[in-house]
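*Asks:* Sequences listed follow chains B and D, in order.
Under my numbering, the first sequence has 246 at position 246, and the numbering climbs by one with no breaks.
When you read off a place in the second sequence, starting at 1, and then add 368, the result is the number in my numbering.
No lab work stands behind these hints: they were computed from the structure.
Treat the hints with caution; some may be incorrect.
[Unchecked claim] Cross-link-like lysine-lysine pairs, in silico, DSS-like; alpha carbons within 27 angstroms at most:
1. B/74 - D/736
2. D/689 - D/378
3. B/48 - D/474
4. D/384 - D/433
5. B/334 - D/413
6. B/10 - D/587
7. D/461 - B/334
8. B/199 - D/378
9. D/378 - D/424
10. D/714 - B/74
11. D/706 - B/19
12. D/413 - D/461
13. B/48 - D/544
14. B/199 - D/572
15. B/62 - B/48
16. D/706 - B/199
17. B/48 - D/587
18. D/433 - D/461
19. B/48 - D/689
20. B/74 - B/62
21. D/572 - B/19
22. D/544 - D/378
23. D/544 - D/587
24. D/689 - B/74
[Unchecked claim] What the simulated footprint calls covered on chain B by chain D, stretch by stretch (three residues with Cβ under 8 angstroms from a Cβ of chain D suffice, anywhere in the stretch; the number is not a length):
25. 29-40
26. 216-222
27. 249-260
28. 263-274
29. 285-297
30. 324-330
C-beta atoms are modelled at their ideal positions from N, C-alpha and C, and glycine is treated no differently.
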Amino acid sequence: MSALAAFVKKEFLHIFRDKRTLLIIFCMPIALVMIFGVVISTEIYDAKIAIVNASSEIHSQKLIEKINSSNYFKTVSYLRSSLGLEEVFRAQNIKLAILIPQNFDKDFGNGPPPTLQLIADASDLNVATTLIGNASNIIQAFAQENAPPSGAVLPFQITTRMYYNPEQRDVFMFIPGILALVLMIVSAMMTSITLVREKEFGTWRVLSSTPLPSVIIIVGKLIPYFLLSSINACLILGLAVFVFGMPIHGNPVELFLVCLLFIFTSLSLGIFISSIANTQQAAILASMVGLFLPTTFLSGFIFPIENMPVWLQPVAQIVPAKWFIEAIKRIMLKGAGLGQVLTQIYVLAGMATVLLAISIRRSRKQAT
Amino acid sequence: MRIVLALLKKEFLQIKRNTFILRLLILVPILQLCILSQAINFEMKNLNLIVVDLDKSPSSELLSKKFQASRYFILREITHSQTPALQEMEDNKVDLVIVIPTHFEKELRGGQSPVVSFVADAVNGMKAGLAANYAANIFMEAAGELAQQLRLPITAKSFNIQTTYSMWYNPILEYKTLILPGLLAVLVTLVSGLLAALNIVREKEMGTMEQMNVSPIAKWQFIVAKLLPFWLIGLFEITLGLLVIRWVFQIPLVGNLALLYAFCGIYMVLILTLGLLISNASRTQAQAMFLTVFFFMVFILTSGVFTPVESMPSWAQTLNKANPIAYFVDVCRRILLKGATFEHLKTSFLSMASFATLSLGLAIWRYKKTHVDS
């Protein structure tokens, strides 16, 4: 046991001497949480638009005022006809054009319902859909306001309740993914690189010729990263709760236990990569392609898995982060207990077992 | 010049012998473009829906049926009790529950304006908002039919305003056309920047850097010889990516490709010299990787590849003026999708060229042949 303690101490010394890496390990979660919490959002304000008004009387003027008074849009160009609209799109980089037809003022309120045309720059489809949604809402609201009370558009009312995240904060959706990504980077990528480094430099031989059993060496290598990752998990959860007001509806202890399980799975992934890679470069690139990218794109972190094509959805199932993110969301936002996330726990534990078993077999083979 | 050539030969030999990296260089762009582009999709389809019909009247039935044919919703069931439906939501099985209250039809006939409630699983706030929006739109469309069925007077029909919309520059509404140029930009940046940084740090770690330093190689010769191979690799990756975009995804590349390559050439100088700067600041490959991943990740996430730049706060949009990846993504999209010309892109070219010059100058200045282990 004292041998293990001494070994862990040695590893910690290595880590603490590398101030830059240490700094990045702790800056990365903070930077990521801030980017996702503050910079990235799906709401669009002050989008540049053009208004083509062929009507220009009282109602259309009121409508334009209403559009301009919302903070969703900023009109940068007024046109009388749609000629030259294309040039405005290209030169002023507007995202949406609202075309008010000539008969708008005449028909609104006493003719057939007039039709407004919205033209969106769909080269960014998300922007386009969001802007069209925003514009339609404003136009509908305008119609409601100007209709007499008896003539509501719908004969009934709709109330909407947003469960689990009433203010629809994007950051609540991103935090579990950030947690997964950071834990994955620190535990899986870092361990695989340090383990392979020993191989590459031949110091692994030195280590294995010491009287320490190889299990102790590997465990000793892993413990520091296990601790660093746990600190990181607390850091991210702390930021989420205290800066962004994300609730933890479930039991915080259970939440932390799931984090520890995921760290364990990530560490076994790191060991697995180190057992197949022989150079640090290979380990780095393998973890980039095999861990970093899938965790970012295929885990449901940013992009929902339900939106993926059917053939890709099974691929997402083998990404450990997918299960972790699911469990975290359910514990934090839906207040689930460990009993309700058993599937996720079993899958993560199973993945860790399989990865460890394969790595042990491989290293035995290499040793003989 | 002879020295540079000899050095170049060494670099290419080393790259050629590393079959692992070579295979990666060819496979990664193809796989990444083909798989990741499928995963990146914000268009909400397949929203799971349960309608809780507490009224069981012809009117409530009419409304529930409207969701069967919707392309956004999968109507999982029409039930008559609320609790199990909400339980399903807790188990992630349903995204939206619509509750039509008892006496719905009776109140409609009485002109009392009954309240239909939507309950959305807002863990993914955007998705919840869209689901509620789509459902409300379906109700709007059904309202006329409902009114007709119940013979309700709709007096102010003409106060309705209809909206139609058209999508320019992407008429088939493929999110992929947008994401592919973006992914290509990310790919080229990560692969060549990381490789260049790792390559030099490896020489440091192995001690072969010392040999280079004591040899009569000038600073610029070293830098040119180290960066040129990766510059070419970067352009190769772009070519490969463009071929995938053109032939696998069948997306027409409308712009001037020479213009795109010219921009890429300048951009690669910037990325590679950044890689060089990172390798200067690191002693181990792990350090270099962390620095690269950290900085590039921040740049990529704020570049507007995956989320619209328009939705960022204005200070972040201003900061983005110093984000090279944002320029690159923007220029790639504008050339490839909109056919922008040099005239349109002049400012981007100028900014990129000044970034590249600045970074190159910094890299030459920071690279010291004398061994200073900081």
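*Asks:* Does each hint hold? Answer for all of them.
*Replies:* Now the hints, each set against the structure:
Between the alpha carbons of residue 74 of chain B and residue 736 of chain D the distance comes to roughly 51 angstroms, so the proposed pair goes past 27 angstroms and is violated. Taking the CA atoms of residue 689 of chain D and residue 378 of chain D, the gap is about 38 angstroms. The hint is violated against a cut of 27 angstroms. Straight-line distance between C-alpha atoms of residue 48 of chain B and residue 474 of chain D comes to about 46 angstroms, which puts the hinted pair past the 27 angstroms bound. Distance restraint check for residue 384 of chain D and residue 433 of chain D: the Cα-Cα separation of roughly 63 angstroms exceeds the 27 angstroms cut-off, and the hinted pair is therefore not satisfied.
Proposed proximity of residue 334 of chain B and residue 413 of chain D is supported: the alpha carbons are some 23 angstroms apart, at most 27 angstroms. Taken as a hint, the residue 10 of chain B and residue 587 of chain D pair is broken in the structure, with Cα atoms around 38 angstroms apart against an allowance of 27 angstroms. Between residue 461 of chain D and residue 334 of chain B, the direct Cα distance comes to roughly 13 angstroms. Compliance with the 27 angstroms bound is thereby established for this hinted pair. For the given pair, residue 199 of chain B sits about 25 angstroms from residue 378 of chain D by alpha-carbon distance, which is consistent with the 27 angstroms threshold.
Proposed proximity of residue 378 of chain D and residue 424 of chain D is contradicted: the alpha carbons are some 80 angstroms apart, above 27 angstroms. Restraint check for residue 714 of chain D and residue 74 of chain B: the C-alpha separation of about 25 angstroms stays at or below 27 angstroms, so the hint holds. Straight-line distance between C-alpha atoms of residue 706 of chain D and residue 19 of chain B comes to about 46 angstroms, which puts the hinted pair past the 27 angstroms bound. Straight-line distance between C-alpha atoms of residue 413 of chain D and residue 461 of chain D comes to about 15 angstroms, which keeps the hinted pair within the 27 angstroms bound.
For the hint pairing residue 48 of chain B with residue 544 of chain D, the CA-to-CA distance comes to about 24 angstroms; that is within 27 angstroms, so the pair holds. Of the supplied pair hints, the one linking residue 199 of chain B and residue 572 of chain D holds, its CA atoms being roughly 17 angstroms apart against a limit of 27 angstroms. Straight-line distance between C-alpha atoms of residue 62 of chain B and residue 48 of chain B comes to about 19 angstroms, which keeps the hinted pair within the 27 angstroms bound. The straight-line distance between the Cα atoms of residue 706 of chain D and residue 199 of chain B is roughly 50 angstroms, outside the 27 angstroms bound, and the hint therefore fails.
Our distance criterion of 27 angstroms between C-alpha atoms is broken by residue 48 of chain B and residue 587 of chain D, whose separation comes to about 48 angstroms. Proximity of residue 433 of chain D to residue 461 of chain D is assessed by CA-CA distance (about 20 angstroms); at most 27 angstroms being required, the pair is judged to hold. At most 27 angstroms may separate the alpha-carbon atoms for a hinted pair to count; residue 48 of chain B and residue 689 of chain D meet this at roughly 18 angstroms. A C-alpha spacing of about 16 angstroms is found between residue 74 of chain B and residue 62 of chain B, which places the hinted pair at or below 27 angstroms, so the restraint holds.
For a cut-off of 27 angstroms, the pair hint linking residue 572 of chain D to residue 19 of chain B stands: about 18 angstroms separates their Cα positions. For the proposed pair residue 544 of chain D and residue 378 of chain D, the alpha carbon gap of about 40 angstroms is over 27 angstroms, so the pair is violated. A hinted pair counts as satisfied when its Cα atoms are at most 27 angstroms apart, and residue 544 of chain D with residue 587 of chain D does not qualify at roughly 43 angstroms. The hinted pair formed by residue 689 of chain D and residue 74 of chain B meets the criterion: a straight-line CA distance of about 21 angstroms does not exceed 27 angstroms.
Beta-carbon proximity to chain D at under 8 angstroms applies to 7 residues in the region 29-40 of chain B; the threshold of 3 is reached and the given coverage holds. Using a Cβ-Cβ cut-off of 8 angstroms, 0 residues of the region 216-222 of chain B lie near chain D, which falls short of the minimum of three, so the contact claim is violated. Three residues within the 8 angstroms Cβ limit are the bar, and the region 249-260 of chain B against chain D gives 0, so the coverage statement is violated. Against chain D, the region 263-274 of chain B contributes 0 residues with a C-beta closer than 8 angstroms to a partner C-beta. That does not satisfy the three-residue criterion, and the hint is violated.
With a threshold of 8 angstroms between beta carbons, the proposed coverage of the region 285-297 of chain B by chain D holds, since 6 of its residues qualify and at least three are required. Closer than 8 angstroms: that is the beta-carbon criterion, and the region 324-330 of chain B has 3 residues meeting it against chain D, so the requirement of 3 holds.
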